[in-house]
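Visitor: Residue numbers (the working numbering), protein chains in the order written: chain W, 16 to 503; chain F, 16 to 503.
Hints may be right or wrong, so weigh each one.
The list treats identical chains as one, so a pair stands whether inside a single copy or across any two.
[Stated by the list, open to error] Using 25 Å as the maximum straight-line C-alpha spacing, the simulated DSS-like pairs for lysine-lysine come out as follows: (1) 329 - 494; (2) 72 - 39; (3) 383 - 494; (4) 251 - 101; (5) 47 - 101; (6) 134 - 72; (7) 101 - 134.
Hints are computed from structural coordinates only; laboratory data are not their basis. Being a predicted model, the structure only gives us computed values, none of them experimental.
There are 2 protein chains.
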Amino acid sequence: MAEKITPRSVDYSQWYIDIVLNAKLADYSPVKGAMVIRPRGYAIWERIQAEFDRRFKETGHQNAYFPLLIPMSFLQKEKEHVEGFKPELAVVTHGGGEELEEPYCVRPTSETIIWSMYKNWIQSYRDLPLLYNQWCSVMRWEKRTRLFLRTSEFLWQEGHTAHETEAEAVEETMRMLGIYKEVAEKHLCLPVIAGRKSESEKFAGAVATYCIEAMMQDKKALQAGTSHFLGQNFGKAFDVQFQGRDGRLEYAWATSWGVSTRLIGALIMTHSDDRGLVLPPSLAPEQAVIVPILKNDTKAAVLAYCEKVLAELKAAGIRAILDADDTQSPGWKFAEHEMNGVCLRIEIGPRDMEAGKAMVVRRDTGEKTPIDVLGLGARARELLDAMQTSLYERARAFRIANTKSVADRGELLAFYGKDQGEGSGTAAASGGFAEGLWCGSAECEAELKAETKVTIRCLPEGRQEGIAGACCLCGKPAKHLAVFARNY
Amino acid sequence: MAEKITPRSVDYSQWYIDIVLNAKLADYSPVKGAMVIRPRGYAIWERIQAEFDRRFKETGHQNAYFPLLIPMSFLQKEKEHVEGFKPELAVVTHGGGEELEEPYCVRPTSETIIWSMYKNWIQSYRDLPLLYNQWCSVMRWEKRTRLFLRTSEFLWQEGHTAHETEAEAVEETMRMLGIYKEVAEKHLCLPVIAGRKSESEKFAGAVATYCIEAMMQDKKALQAGTSHFLGQNFGKAFDVQFQGRDGRLEYAWATSWGVSTRLIGALIMTHSDDRGLVLPPSLAPEQAVIVPILKNDTKAAVLAYCEKVLAELKAAGIRAILDADDTQSPGWKFAEHEMNGVCLRIEIGPRDMEAGKAMVVRRDTGEKTPIDVLGLGARARELLDAMQTSLYERARAFRIANTKSVADRGELLAFYGKDQGEGSGTAAASGGFAEGLWCGSAECEAELKAETKVTIRCLPEGRQEGIAGACCLCGKPAKHLAVFARNY
Numbered sequence: 016m017a018e019k020i021t022p023r024s025v026d027y028s029q030w031y032i033d034i035v036l037n038a039k040l041a042d043y044s045p046v047k048g049a050m051v052i053r054p055r056g057y058a059i060w061e062r063i064q065a066e067f068d069r070r071f072k073e074t075g076h077q078n079a080y081f082p083l084l085i086p087m088s089f090l091q092k093e094k095e096h097v098e099g100f101k102p103e104l105a106v107v108t109h110g111g112g113e114e115l116e117e118p119y120c121v122r123p124t125s126e127t128i129i130w131s132m133y134k135n136w137i138q139s140y141r142d143l144p145l146l147y148n149q150w151c152s153v154m155r156w157e158k159r160t161r162l163f164l165r166t167s168e169f170l171w172q173e174g175h176t177a178h179e180t181e182a183e184a185v186e187e188t189m190r191m192l193g194i195y196k197e198v199a200e201k202h203l204c205l206p207v208i209a210g211r212k213s214e215s216e217k218f219a220g221a222v223a224t225y226c227i228e229a230m231m232q233d234k235k236a237l238q239a240g241t242s243h244f245l246g247q248n249f250g251k252a253f254d255v256q257f258q259g260r261d262g263r264l265e266y267a268w269a270t271s272w273g274v275s276t277r278l279i280g281a282l283i284m285t286h287s288d289d290r291g292l293v294l295p296p297s298l299a300p301e302q303a304v305i306v307p308i309l310k311n312d313t314k315a316a317v318l319a320y321c322e323k324v325l326a327e328l329k330a331a332g333i334r335a336i337l338d339a340d341d342t343q344s345p346g347w348k349f350a351e352h353e354m355n356g357v358c359l360r361i362e363i364g365p366r367d368m369e370a371g372k373a374m375v376v377r378r379d380t381g382e383k384t385p386i387d388v389l390g391l392g393a394r395a396r397e398l399l400d401a402m403q404t405s406l407y408e409r410a411r412a413f414r415i416a417n418t419k420s421v422a423d424r425g426e427l428l429a430f431y432g433k434d435q436g437e438g439s440g441t442a443a444a445s446g447g448f449a450e451g452l453w454c455g456s457a458e459c460e461a462e463l464k465a466e467t468k469v470t471i472r473c474l475p476e477g478r479q480e481g482i483a484g485a486c487c488l489c490g491k492p493a494k495h496l497a498v499f500a501r502n503y
Numbered sequence: 016m017a018e019k020i021t022p023r024s025v026d027y028s029q030w031y032i033d034i035v036l037n038a039k040l041a042d043y044s045p046v047k048g049a050m051v052i053r054p055r056g057y058a059i060w061e062r063i064q065a066e067f068d069r070r071f072k073e074t075g076h077q078n079a080y081f082p083l084l085i086p087m088s089f090l091q092k093e094k095e096h097v098e099g100f101k102p103e104l105a106v107v108t109h110g111g112g113e114e115l116e117e118p119y120c121v122r123p124t125s126e127t128i129i130w131s132m133y134k135n136w137i138q139s140y141r142d143l144p145l146l147y148n149q150w151c152s153v154m155r156w157e158k159r160t161r162l163f164l165r166t167s168e169f170l171w172q173e174g175h176t177a178h179e180t181e182a183e184a185v186e187e188t189m190r191m192l193g194i195y196k197e198v199a200e201k202h203l204c205l206p207v208i209a210g211r212k213s214e215s216e217k218f219a220g221a222v223a224t225y226c227i228e229a230m231m232q233d234k235k236a237l238q239a240g241t242s243h244f245l246g247q248n249f250g251k252a253f254d255v256q257f258q259g260r261d262g263r264l265e266y267a268w269a270t271s272w273g274v275s276t277r278l279i280g281a282l283i284m285t286h287s288d289d290r291g292l293v294l295p296p297s298l299a300p301e302q303a304v305i306v307p308i309l310k311n312d313t314k315a316a317v318l319a320y321c322e323k324v325l326a327e328l329k330a331a332g333i334r335a336i337l338d339a340d341d342t343q344s345p346g347w348k349f350a351e352h353e354m355n356g357v358c359l360r361i362e363i364g365p366r367d368m369e370a371g372k373a374m375v376v377r378r379d380t381g382e383k384t385p386i387d388v389l390g391l392g393a394r395a396r397e398l399l400d401a402m403q404t405s406l407y408e409r410a411r412a413f414r415i416a417n418t419k420s421v422a423d424r425g426e427l428l429a430f431y432g433k434d435q436g437e438g439s440g441t442a443a444a445s446g447g448f449a450e451g452l453w454c455g456s457a458e459c460e461a462e463l464k465a466e467t468k469v470t471i472r473c474l475p476e477g478r479q480e481g482i483a484g485a486c487c488l489c490g491k492p493a494k495h496l497a498v499f500a501r502n503y
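So here's chain W without its partners, still in its complex pose:
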């Protein structure tokens, strides 16, 4: 019920948790740091999966499944990789009642186990490329968790590809980044900035990490997907050599890329409001709910009429339900379905029935439109399409309004103000996205982060040509245009 939601203006973090719990998307579990994804949340994940999976297959990728457990010694084989992941591992020391000779970790990501198999499968350039993906859960021990955004266990997909040449691997890295951007924008209605991570923010073991970054309603950034060019790092670590076209042995080139259930958190924090969940129609499990206004003398007739409307909506391919429960008032139901993020509410009472009309209310704007029941399916489809576009446009306008070009340190610090600490404070405290020139030095980055928690989110693609001017942090000559923000 709507009254359970803390308003965003009071406590943005609590608002988020209230939505997740009250819309029954997820719940806390008795396992430290792990959550339960409830059916309403999982149904959204299934639709997100379907959009990605279809595109992965259209671009020649195949799904596979690799073991959950990874020998600890495998992690050691890539130096940066083990340093990055070791602090987060869950370790299996016993199996079948006995202590294991070598402990296993629960996969935090699968580069190592997958490349240990690729060694067996790749002998010649004719075996390449391998374009594999797996849908699974991964585990990264976390002390401070937040439902969907940061949990010890989460669901994701991880693509792992092996290529004959560097150019092909780089092309694959960018292709998958493009797919991530397309699904984020088209289906999740998240306007995202695609770009490269700085050295200090890249994946442990990558040559270069690319990402899509979205702005949440509190103006913080959320990394919504990453695509890594791994060079020959894992090929060398696992000795995956192939005979090239010239007959010489060469190490295979690699990429990996992933999106996770974190995207559900991004959806909520981008579109929802103080009444509850707002979902893009293309991902909403329920796109329309019919709420009949039931009075004793016309109840049977109105319900029969609603059944007809339901059938018409379904025939138009709309995921629609009829809430015929007569133990709850229409007002209670309105609040409940708003909480749950049903895109359209269709109110039908005796007078609507007589006039052949229905009142349709859009979840995002609250806009009410009286509609002829004749042709309701097509009209509802139009409203859903309009809502899909409008969610994206609204989020994009919000990001633009909260993005500022900064020339120097003073402007940058003024834009962000004092950090109020995670979980505290209101949306206004977070500043937004700052665009500024950067010299490329890790020291500049580290100093800014220590002082303000602001980091470089990415170096946006397509905007790195002809950079000239001074680094907004240290004043030295700049090499990149960077997007700065506080982040999740």
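Start from chain W and add chain F according to the hints.
Guide: Chain F only, in chain W's frame:
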């Protein structure tokens, strides 16, 4: 390549492994007891999943996701459950660099973690039923493993439902058993016997376990799915009480049910032959392959013609590929696609092209049919449908031919002969299914198993009325009709 396959008559176990490895369905992994499911195997699993998932949703079930790790203390709460699973657990003792206060196990099955959550979600009969399912991996430590059939980690679905009444839970148990039987028969072409397990073979924590049992080509039984009526065992263990219609508190009634990637093993062992994989068309990733017969002077024309045929097959909804590789001979390709279980081979050479014909060869029977290219799509569809029916009928005839009614111990022992030990011996050694009357005593079962490795696979549904006669093991009055077999 076909020459790599050990014939069934020489070594059935090795034949099975040869098929799995050579058709690239799965591979051994560096993790003890765990396998890698390769893309060709995973594609079959995705089709199996789709058939089940659709039916689960049509019968009102929803997917969800529960944590991978389960606190060890949870297992203890149901006495039989912990006794059954404790020897098979993988145990996580460290997380994030520290020893954990309480160790976790990797889920061997999720009754305990799920019922610990149901306690929070079930207060009133209005909250019931909960009809949840999850697709995930589970881990049961195994010393002796066999690809797909018995591995430490496997993929499955586990349904977990909570009900208001015993009758509803029993009805659900049988509904899901029915769905398992339907998909097994209709899509996997596995004729199965649905029945109840004896007390000694039931799931640890169940009141009653129902199963579907299939006969493999070596005449052994394979349990292909189970559906458990759990009574109030987990409701009581996790204190899940609800206010009933009469206002009184009652414990919720439970079911659980699962099928796993083991079904892929069942598919292979039921339908395949000494040339390789044979797959039911409805699950085959590739239903037809066009193999052009290429000669220098007509190569371009034949390839163009094959592309047209490919387009027609695809337009008819057939999953078809064209093998245009000119570095391999047609004969090599025939063997390769037979190994991979492509259902139809379509050979097209210059003379076929001139005559507007193609030669279509069925994978299961080797039958060759010259077909007019005009209307090839429809004709190929007919052949695929015929193959689907025929695989089922052949397997069913095989089971009937290898099922024997036995009246007494002498007949039973004669039917099975001496056990040759697992992995050794030929198909002929395994006997088949024996149907005999049984007194219901666990001692009779245990003695038979110790002596012959033959067990009661199930008490077949619908054949337990009017049982009269003597137990085929001890001669005392019988209570049940039982199906006996050696099993995987």
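Visitor: Are the CA atoms of residue 47 and residue 101 at most 25 Å apart within a copy, between copies, both, or neither?
Guide: both (18 Å within a copy, 22 Å between copies)
Visitor: Is it within, between, both, or neither for residue 101 and residue 134, if the alpha carbons may be no more than 25 Å apart?
Guide: Only inside one copy: residue 101 and residue 134 sit 24 Å apart there, 35 Å across copies, limit 25 Å.
Visitor: Is it within, between, both, or neither for residue 383 and residue 494, if the alpha carbons may be no more than 25 Å apart?
Guide: Answer is neither; intra-copy 51 Å and inter-copy 68 Å both fail.
Visitor: For residue 134 and residue 72, with the copy left unspecified, which applies at a CA distance of at most 25 Å: within, between, both, or neither?
Guide: within (24 Å within a copy, 40 Å between copies)
Visitor: Reference check for the pair residue 251 and residue 101, CA-CA at most 25 Å: within, between, both, or neither?
Guide: Answer is within; shortest intra-copy Cα gap is 20 Å, inter-copy 40 Å.
Visitor: At 25 Å max between alpha carbons, let me know whether residue 72 reaches residue 39 within a copy, between copies, both or neither.
Guide: Result: close only across copies, 19 Å inter versus 31 Å intra.
Visitor: Is it within, between, both, or neither for residue 329 and residue 494, if the alpha carbons may be no more than 25 Å apart?
Guide: For residue 329 and residue 494, the Cα distance exceeds 25 Å both inside one copy (55 Å) and across copies (51 Å).
Consistency note: the structure conflicts with the earlier hints numbered 1, 3.
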